[in-house]
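Chemist: So you can see what is in the structure, the chains are spelled out below.
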Amino acid sequence: MVAGVFLLLLLTAVSASIYTVQRSAAVTAVAAAARVAASGTRGARGANTPDLVDALPTAARMVSRVMIGTRVRQLPPPSPCPSLSSIPPREVDVCATAAGDAVAVRLRGRPAGPLSLPGLDWSLDVVAQVHVVTFAP
Amino acid sequence: MKEPGSRPGSRGQALVETAITIPLMVLLLLGFLAVLIRIEAQVELDAATGLAAAAAVSAPAGSPLSATYAEESWHGTLHQYPYLEPGRLQGCGAYQPDQPVTCEGTATLDYGRTPMGMVVPLPIQLRSTATAWSSPYRSR
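Top to bottom, those sequences are chains D and P.
So the first sequence is numbered by my numbering: it starts at 880 and just counts up by one.
So the second sequence is numbered by my numbering: it starts at 30 and just counts up by one.
I should point out that these hints are in silico values taken from the structure, not numbers from a laboratory.
Hints are all accurate, no fakes.
Footprint (simulated), chain P over chain D, 3 or more residues, beta carbon under 8 Å: (1) 881–894; (2) 1004–1013.
Sample of chain D residues at the chain P side, in silico, Cβ under 8 Å: (3) 899; (4) 902; (5) 907; (6) 910; (7) 913; (8) 981; (9) 983.
Predicted, not measured: the structure shown is a model, and the values here were computed from it.
For glycine and all other residues, C-beta sits at the position ideal for the given N, C-alpha and C.
Construct the complete structure from the given sequences, taking the supplied hints into account.
Modeler: Quick look at the structure:
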């Protein structure tokens, strides 16, 4: 019995460790993507237009390295992320939205973990918000 | 009933060992989880403070909007973590040309509402500092 409990706790610890790495990467990724989104886009009048489109690949590239076996779906801006209950397991959605003078990049979903035990399919829902950079002539 | 070949009291000894070992292992796991959450919380606070500094530097020079932009960015990024209670964001004053803006954010990590409160009963104060510089080509 002790051996069984030990194995269960060990698997829980491993699963929690991997989740921590995934969550930390997600927080860093959405923060970096928010900085990209807050900057301007190319073209005329682009200096004051948030770059939501280029923010998503930035976040997706950063999280895909630590979310093995997880589908990273980039939603076309400015679509908001769906609710957590409607996102299937082993998938995370990345979305970028603009509200007023701020842009927000959100990552939401259930990344694949080493275990598929009930209660250990921990979810992610992190967001980074920053004020957009504006340029005056 | 006594099992053949077993010494007297061996089952009782195993029971006592189990009763000691399992709670210790659970406490060890809770402590490990508390350390992981401490790391996550620091990463989240660092990211929010960094964005706050970047937002402060994007405001017009000499404007109180620096603090407003920083507060919006900081609270908008930090509010997702249930164990982390945002504290104060300080130092994000008015941006001045050719000078950096340094923000210092504080938050409280409270395990009290979770089983990890048995291992870490007191709240932990977290602190993060971030500095942002504006572009040297910026005129104002």
